[in-house]
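Visitor: Since each chain sits alone in its own frame, please combine them into the complex, following the hints.
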Amino acid sequence: MHRMRLLIPWYPRVPLRTESLYFARWSSTGPPEQRGLMRFSTAEAAAKTGPPGRLREKTLTMATLNPQVKAVEYAVRGPIVIKAGDIERGLQQGVKQPFTEVIKANIGDSHAMGQQPITFVRQVVALCCFPELMDSPAFPEDAKQRARRILQDCGGQSLGAYSASQGVDCVRQDIAEYITQRDRGVPSDWNDVYLTTGASDGIMSILKLLVSGEGRSRTGVMIPIPQYPLYSAAISELEAVHINYYLDEANCWALDIEELHRAYLTAKQHCKPRVLCIINPGNPTGQVQSKKCIEDVLHFAYEENLFVMADEVYQDNVYSSDFQFHSFKKVLYEMGPKYFNNVELASFHSTSKGYTGECGFRGGYMEVLNMDPQVKAQLIKLLSVRLCPPVSGQAAMDVIVNPPKEHEPSYAQFTKEKSSILDALAHKARLTEQILNSVPGIKCNPVQGAMYAFPQIFIPPQAIQEAQALSLAPDMLYCLKLLEETGICVVPGSGFGQKEGTYHFRMTILPTPEKLKVLLQKLKEFHLRFLEKYSQQEAQMTSSSQQMSKQPD
Amino acid sequence: MAAARMQLLSTRNVGILSRGWLTGDGPRVRSLTSPPLCPSPGRALSSVSATRCGLPKERMSENGVSPRAKVLTVDTMNPTVKKVEYAVRGPIVQRAVELEKELSEGIKKPFAEVIKANIGDAHAMVSFFPLYSHTSFYFKVLALCSYPELLNDSRFPEDAKSRARRILQSCGGNSLGSYSASQGIESVRQDVARYIEQRDGGVPCDPDNIYLTTGASDGIVTMLKLLVCGKGATRTGVMISIPQYPLYSAALAELGAVQVNYYLNEEKCWSMDISELRRALDEARRHCNPRALCIINPGNPTGQVQSRQCIEDVIRFAAKERLFLMADEVYQDNVYAEGCQFHSFKKVLFEMGPEYSNTVELASFHSTSKCYMGECGFRGGYMEIINMDEEVKSQLTKLVSVRLCPPVPGQALMDLVVNPPRPGEPSYDNFMRERTATLSALAEKAKLTEQVLNTVQGISCNPVQGAMYSFPCITIPEKAIKEATDKGQQPDMFYCMKMLEETGICLVPGSGFGQKDGTYHFRYTTHDYNILG
Numbered sequence: 001m002h003r004m005r006l007l008i009p010w011y012p013r014v015p016l017r018t019e020s021l022y023f024a025r026w027s028s029t030g031p032p033e034q035r036g037l038m039r040f041s042t043a044e045a046a047a048k049t050g051p052p053g054r055l056r057e058k059t060l061t062m063a064t065l066n067p068q069v070k071a072v073e074y075a076v077r078g079p080i081v082i083k084a085g086d087i088e089r090g091l092q093q094g095v096k097q098p099f100t101e102v103i104k105a106n107i108g109d110s111h112a113m114g115q116q117p118i119t120f121v122r123q124v125v126a127l128c129c130f131p132e133l134m135d136s137p138a139f140p141e142d143a144k145q146r147a148r149r150i151l152q153d154c155g156g157q158s159l160g161a162y163s164a165s166q167g168v169d170c171v172r173q174d175i176a177e178y179i180t181q182r183d184r185g186v187p188s189d190w191n192d193v194y195l196t197t198g199a200s201d202g203i204m205s206i207l208k209l210l211v212s213g214e215g216r217s218r219t220g221v222m223i224p225i226p227q228y229p230l231y232s233a234a235i236s237e238l239e240a241v242h243i244n245y246y247l248d249e250a251n252c253w254a255l256d257i258e259e260l261h262r263a264y265l266t267a268k269q270h271c272k273p274r275v276l277c278i279i280n281p282g283n284p285t286g287q288v289q290s291k292k293c294i295e296d297v298l299h300f301a302y303e304e305n306l307f308v309m310a311d312e313v314y315q316d317n318v319y320s321s322d323f324q325f326h327s328f329k330k331v332l333y334e335m336g337p338k339y340f341n342n343v344e345l346a347s348f349h350s351t352s353k354g355y356t357g358e359c360g361f362r363g364g365y366m367e368v369l370n371m372d373p374q375v376k377a378q379l380i381k382l383l384s385v386r387l388c389p390p391v392s393g394q395a396a397m398d399v400i401v402n403p404p405k406e407h408e409p410s411y412a413q414f415t416k417e418k419s420s421i422l423d424a425l426a427h428k429a430r431l432t433e434q435i436l437n438s439v440p441g442i443k444c445n446p447v448q449g450a451m452y453a454f455p456q457i458f459i460p461p462q463a464i465q466e467a468q469a470l471s472l473a474p475d476m477l478y479c480l481k482l483l484e485e486t487g488i489c490v491v492p493g494s495g496f497g498q499k500e501g502t503y504h505f506r507m508t509i510l511p512t513p514e515k516l517k518v519l520l521q522k523l524k525e526f527h528l529r530f531l532e533k534y535s536q537q538e539a540q541m542t543s544s545s546q547q548m549s550k551q552p553d
Numbered sequence: 001m002a003a004a005r006m007q008l009l010s011t012r013n014v015g016i017l018s019r020g021w022l023t024g025d026g027p028r029v030r031s032l033t034s035p036p037l038c039p040s041p042g043r044a045l046s047s048v049s050a051t052r053c054g055l056p057k058e059r060m061s062e063n064g065v066s067p068r069a070k071v072l073t074v075d076t077m078n079p080t081v082k083k084v085e086y087a088v089r090g091p092i093v094q095r096a097v098e099l100e101k102e103l104s105e106g107i108k109k110p111f112a113e114v115i116k117a118n119i120g121d122a123h124a125m126v127s128f129f130p131l132y133s134h135t136s137f138y139f140k141v142l143a144l145c146s147y148p149e150l151l152n153d154s155r156f157p158e159d160a161k162s163r164a165r166r167i168l169q170s171c172g173g174n175s176l177g178s179y180s181a182s183q184g185i186e187s188v189r190q191d192v193a194r195y196i197e198q199r200d201g202g203v204p205c206d207p208d209n210i211y212l213t214t215g216a217s218d219g220i221v222t223m224l225k226l227l228v229c230g231k232g233a234t235r236t237g238v239m240i241s242i243p244q245y246p247l248y249s250a251a252l253a254e255l256g257a258v259q260v261n262y263y264l265n266e267e268k269c270w271s272m273d274i275s276e277l278r279r280a281l282d283e284a285r286r287h288c289n290p291r292a293l294c295i296i297n298p299g300n301p302t303g304q305v306q307s308r309q310c311i312e313d314v315i316r317f318a319a320k321e322r323l324f325l326m327a328d329e330v331y332q333d334n335v336y337a338e339g340c341q342f343h344s345f346k347k348v349l350f351e352m353g354p355e356y357s358n359t360v361e362l363a364s365f366h367s368t369s370k371c372y373m374g375e376c377g378f379r380g381g382y383m384e385i386i387n388m389d390e391e392v393k394s395q396l397t398k399l400v401s402v403r404l405c406p407p408v409p410g411q412a413l414m415d416l417v418v419n420p421p422r423p424g425e426p427s428y429d430n431f432m433r434e435r436t437a438t439l440s441a442l443a444e445k446a447k448l449t450e451q452v453l454n455t456v457q458g459i460s461c462n463p464v465q466g467a468m469y470s471f472p473c474i475t476i477p478e479k480a481i482k483e484a485t486d487k488g489q490q491p492d493m494f495y496c497m498k499m500l501e502e503t504g505i506c507l508v509p510g511s512g513f514g515q516k517d518g519t520y521h522f523r524y525t526t527h528d529y530n531i532l533g
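Sequence order for the protein chains is A and B. Take the first sequence: its position 510, counted from the start at 1, is 510 in my numbering, and no numbers get skipped. Take the second sequence: its position 149, counted from the start at 1, is 149 in my numbering, and no numbers get skipped.
Excised from the complex, chain B in its bound form (with noise of 0.2 Å):
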């Protein structure tokens, strides 16, 4: 605390200074530029932590030389990027990172280990989870393609090494060290179009349509990069829900779009409901130009798997109010309620006939970091997009260029999700067997973290249907609510801090996703059930 203090402290002072040094130079208009100086709760929390890695230096220029002004302080820095919130990685997790230096250090807590149940990391908790083992079939795979030698080694089947060919062949010079075409290696795009022919029961797909990509984060923002114009009034809306996975809420922040919330309706399972579309829609209408609809499907973090039914009313209401539809279902693979079943918006477009499918704009994404492959770190992905203005989908091939290509090993695991062992291929029964493993783990852990968490007095939790959290709505005494608000904390940030330092538990707060005022939450990844023991 003494170092948020100083840290306060130091801020101003270099506010103070720097616009005292800045009217010698000229341009007084900085002064009217410089956003009001109102860290939220969350972003105080988290500059604390930052400044301990930052301090030494600090000190060193307040006792050396002159202390000078910054070109790039809070008070210059682009407001925009201020705005950004993102909870999943925010104050309570850099507060994790430390527990756990302070326990490497020795410092004895009321806890032998710090449990990330923040983030949808299945290897990270493989540790807890001996039956999520990594598929190896496509580490066989990426080894082959990293190191090609290897396809002369016996020990790698010949699935893997046929794999690894093809991949290497459209590689340029052989090479996962090349760069691929911006849009993506073709070969894999190709996969990836025959994947969700496949998968939406014969609806065609184009690989021109289809877009590699950083993991799906990288997609979604270049999406919303494209929607976003206008000024006042005729400023870009994006309807988004409430919870909502914060890439969204940041990626708006950081674009100056509007961000128009619809709710998700908790008594009724997270579902989502078309009145509540139109209300969003029509008060957002007063203040700007709502132009996007973004959908989760199954849902992060609420669990809850889309009825086709809802998925037809979506596309109808979005046909009707000309939005353009982004359809987020990385978690398509992860379904686990009886009775429930993946609809892609794409498949479920086409059969609502011409009318829909030769018009409503719509964007998907999926990703090689969910479902039962979860491999995060290679940042696989892809987007396909549908009835796009030929010229703007110039310029969204020009916009990615300019990032050169996405990563090849990822594209190389986007591919081989899409194009996994086949029966009577070698690896096909070992392949089948992680899977099917993985996924009824995960399905057994979705319903075990449902059922312990509703024999908890105070916390009440909807099925967790699909994704890889549950979103629980804890009640919070008022004792416990007002001693949050003295510390200008909210009262899910006190609770989840309370978790973290008494049980090395972490969670992310309701607050960071968004929820009906007055109600709390918490989202907790459902790898982990160990924690509820």
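One chain only, chain A, in its complex shape (with noise of 0.2 Å):
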């Protein structure tokens, strides 16, 4: 009973919203009176001490949580992926599996996929930790420079202090100085920079600050679908509203003006549509936007009053020649004053991402540009309370954001490893595309930038009926027979977001080159499998591209 608990640990009982789209849903069995029963009997103390016949109510119950807490969804850790947890333990016990190991392609997390760190970030926070290093030889100098740089400006000269709220101030004047090159001169003020724990951090710091007002009021933030399922985590999390906007799959994933508009104006009589959040490249669709397109995006911005949200964590993962990676700060500067000197736009970035992957450290940053500056004093405030990101972190992020230049030491080594990573990813973001559009009944776009690919998948009606008489969402299904047939741990598309009717799974391009052959040759056997299994004609991908060319509703 436990164990079973475990196995679907949070959506239990949750009561259906109908605007709440797009997640899988584990249904329980019993009533909750029932369930919570059989729960107390557990504690016999508390039993036999209490009055007959009552039992003692906990203070904490799922009647008594939080609402939007239990609204919360995040589907890249969820069930699936604490069941590939649970059979990678049983794997380790000796549990008898079809396949040797768990392969988790679930998650953008480069270093666990055998992702090695760059030398030259290590160096420098191995220094920050421990100074003594610095008159060890077997450090170079230019990483002992950057970590004598970094420790001036901390409390005490150690790792250890808090920061400021906002930051490191010689970190945050190289983020200011490594945008304005990147944007070959768009000036980047440090006092506009905010180191964050992660972007996801930063995001859900600028969002709350946004959300207001009651009923019709309530402020709506439009969000991509296929999202990364931080933003409606965090849109329930704080009782907002969420609008969907829908990429257009049959056009590489792109944002449609012309569907912005539809949302907008859809939202706009319910609630007060106030935030625009876009991935760019996407996540977890992978395609990277023309300039022309955050163009468009930042003029019906202006038009529409709406504060823009660019999440590019992903800006140095462009992968193909033909694309290139275009910040909405640059474009906006290029628009002119009009739109520079007022579209409100927060743009955020990582150390989890690029060509670095180190998610541990939980660094980040974001840029806010044109904000009230009475606002900005209420979000140093807001910050201020979790006192400062981890100092590590921000470390990380200084080392990304100030790398080692042509005349330095370390510069041949660091760009030898920078390119073969990139090079690599390139290479693997190709081949996934290739072998998946390889198998009958998978479609995928090309992989453009990001770590992801978010192919379509047809799943026979038989295996839909299935899933809905066990009440799992069709690719919850499918990726759960997945993972028990081949070890293989991907994320439903339910748990981003998908048009009505079609399917999808995210998984990662992270695994080393001759893993992911390996997957993804089990993952076209277990499709073949599969609709052999549930479907008595062969599978057509024609009809679900048909099915794929409707209109949202």
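Any given hint could be a false lead.
[As the list claims (entries may be wrong)] If we take Cβ atoms under 8 Å as the criterion, some of the chain B residues that face chain A in the derived model are:
| no. | residue |
| --- | --- |
| 1 | Asn78 |
| 2 | Tyr179 |
| 3 | Ser182 |
| 4 | Leu247 |
| 5 | Cys376 |
| 6 | Leu399 |
| 7 | Ser401 |
| 8 | Arg403 |
| 9 | Lys447 |
If you are wondering where the hints come from, they were derived from the structure by calculation, not from laboratory data. Positions of the beta carbon are idealized from the N, C-alpha and C atoms, including for glycine.
Guide: Shown next, in the form of structure tokens:
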């Protein structure tokens, strides 16, 4: 019983809300009261000492839990991933499975998939941790110089001190300089830069500022569908209104301005749309936005008076030479002062992605433009309650924005490591797309950037029926079976949102090429078995692509 | 001050503009939701300093193209965020930073440096306290974890290496750069559980009940988040001590929960009084649903250490009134006074028998930031959860998973804190020497602080039994109170501002922590006794 609940941890008895779409829900067995009794029956002492016939109710139960917390959903670490963890533990304890290892392709966790850290980043962090290493000849001078500079701005010259809540001064200065260079001279003021605990923390803080009003004046937040579920989770937690705009799968997941208009106008009838979130390059969809598209989006935001949140954590992950990353800030600047002095924009970056993949350090920053100075003071106050982002993460962020320069001793090695990681990712992006598209019933857009493929899968009607009987989203059933039969862990598309009647999954392209090939081969075999099992007739991608081209309702 | 005036003017303009613009846009409801503009003195001050950086841009848009209503203004922002107050990093600290900048620019002041006694940041105080050196063992292990090539370096002791290896083995891809499980690295949770068992004389601890956090603050806010529900008279009330550590009031404001104050007894060394708990609870029940009781032991900012008897009484009270207990025990290693001893709420709970230990819901918090290690910047911490409903626990795990994981270097550090060098290991002697020196220096400073402060007329200070702060009561003359009131300032804010401007010493006014009406205090970090000289 206990084990069962661990497997399906957080979906029981969540009331279905029509506006929160797309998430698989796990059904629970039996009425809540009964389950409650079963649970308390383990607390024998309580039953014994309490008055006869009356069981002590806990202070904090599902019935008295914060309803916003209940509404939060986060598929990337959802039930499938927890089940994968259980299977992995079972394997270690000798439980027999039809596979020898669990391959976790559910999360963009580069180092866990075997990517080596960038030497220079780690050298600087190690020097900052233990400055006695400064006299070690094993460390290059440029790493020492960076470490000294960071430590000088830390209280007591130690990573162990709290920093200013907005972040260490010199790190913010370095970030501003980096942004200026990246954007070919568009000025960046370090007073607009805030260090964060990973990008998620920054996104959450900005959303928190923006939520207000009741009923029809409640803040609405526009998010792409498919989206990275941090957004839906944060919106639920803050009780803001989800406004979904659909990316165009038939057009390489491009953002369509018409669709933005449609979503905005529909939402305006029941809430106050105030925020527009964009993920570029896309997560989970991997598209890279064109400059024209960004211009259109910014124009739209200007016209409709929307606060723009640009999630640009994959800015270094662009794989096709046909595409280029354009920062929202740079495009905004090029649109002239009418836009640049007005559109409120927050853009986010992190240490977790790019070529460094330092997820565990929880480093990140945001640059906030045109924010009302009084609101800015409120933001600083809000951040100060949490004291400061982890200083080691700030140090890692500093190295990323201030890498070795051409004349410095570490330059050659750094450049070699960086390009070998990025080349490998580009190779794996192509490989994934190619192999997936060779499978009947799977269709995958090119992975232009980021770290994921988000292929559409054809699920036969019989399998859909079976899933419905189990109260599972069909793609959840698919992913569960995939995990059980092959040990491959991917996240069902329903966790990110998708057009009704279409099914997807998200997989990372991070495993080593050898492992990735094995993974894709196993996936192919599984998919064919799945089709065979559930459909009498041959799966026809044509029928599913007809579904795909239908307009959303 | 000119800046402040400009700021106020421009806000009003923006407000008017935004309303005018919005009426054209349709939703007239907006004006209903705009909260009244009534900044507290503290807030007005904090916006002054923010304006200094924001000014040029402000001017730019005024001189440039037509000023447009912003999407996000003080009128249209989240009202619960506005209510948040956090004195420890409030206006006085911002002013201190400004003074520091002015000093570095060569502007003459009646003091040579700003001394920040406002925050419990042991490392930033290092320059004043050569004794308070950071524990080099921790930093060696962290360097090894960050750059594993150092594992071949013979200058690092074997026990540091073995710990680094063990931590790395439990990280994905053997790298600190991987996400950990959202609840924290499994081996770290096991070490934490073992540490708690030892600390509590064998009371069992299940690693499944341990959650690693981003400092203790993160855990506290997360737990409060779970507890908040209801509307109006059924809205969750949370009992907090007054004086309190302002994280609590800030979190409650942000979550829209009802703050229920119970006062500590200053005459009795800031002890906790059950009859006062009862009074606060009964009064609160008339307008909200009190569901949680927060205790800080040893106290922040008050420095008292609770007796075992007192803890038992509190637990009995919580059991009877069905309150969820939150025990903030981050200062558990900082107990200085003779005859005082730290008792964990969990240990006392289990010693009270199954009637309590199987029912009372308890979360206790610890961190890497305080005690003898003082590694604040790493943001490490953990919480232990007892008797939590299994389904709620799943919800907690889900909630923490949205933030992916606490910083892994902080988790590594937490592991070292609960698993320090043992007798016989090469680093043991050195480690113990550093630890003892640090703790005895803190104890000495605690005693000295109390003694020196009590020699000053108009200041009376309770003994600092534990933690890192003293919270003396100050007499503020009527004339000063009047001057402060005229300025729209709290009298103790006025006092602390004067102190900062004249001496460069940065203290936090008692009003930021809460105090009985008509009494005034400041919080002062006892690391730094030099400033008393």
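Visitor: Next step is simple, just say for each hint if it's right about the structure.
Guide: Outcome of the hint check:
For B:Asn78, the interface hint holds, since its Cβ comes within 8 Å of a Cβ in chain A; the closest pair sits about 5 Å apart. Residue-level restraint check for B:Tyr179 holds (minimum Cβ-Cβ distance to chain A is 5 Å; threshold 8 Å). Given the 8 Å rule on beta carbons, the hint for B:Ser182 holds: about 6 Å separates it from the nearest Cβ of chain A. The criterion of a C-beta within 8 Å of any C-beta in chain A is met by B:Leu247, whose closest approach is roughly 6 Å, and the hint holds.
For B:Cys376, the interface hint holds, the least distance from its beta-carbon to any beta-carbon of chain A being 4 Å, beneath 8 Å. This hint holds: B:Leu399 has a C-beta 6 Å from the nearest C-beta of chain A, less than the 8 Å allowed. At its closest, the beta carbon of B:Ser401 sits 4 Å from a beta carbon of chain A; the interface hint therefore holds under the 8 Å criterion. Among the interface hints, the one on B:Arg403 holds; its C-beta lies about 6 Å from the nearest C-beta in chain A, closer than the 8 Å criterion.
Violation of the interface hint for B:Lys447 is found here, the shortest Cβ-Cβ separation to chain A being roughly 24 Å, above the 8 Å cut-off.
The earlier numbered hint that this structure contradicts is number 9, and it is the only one.
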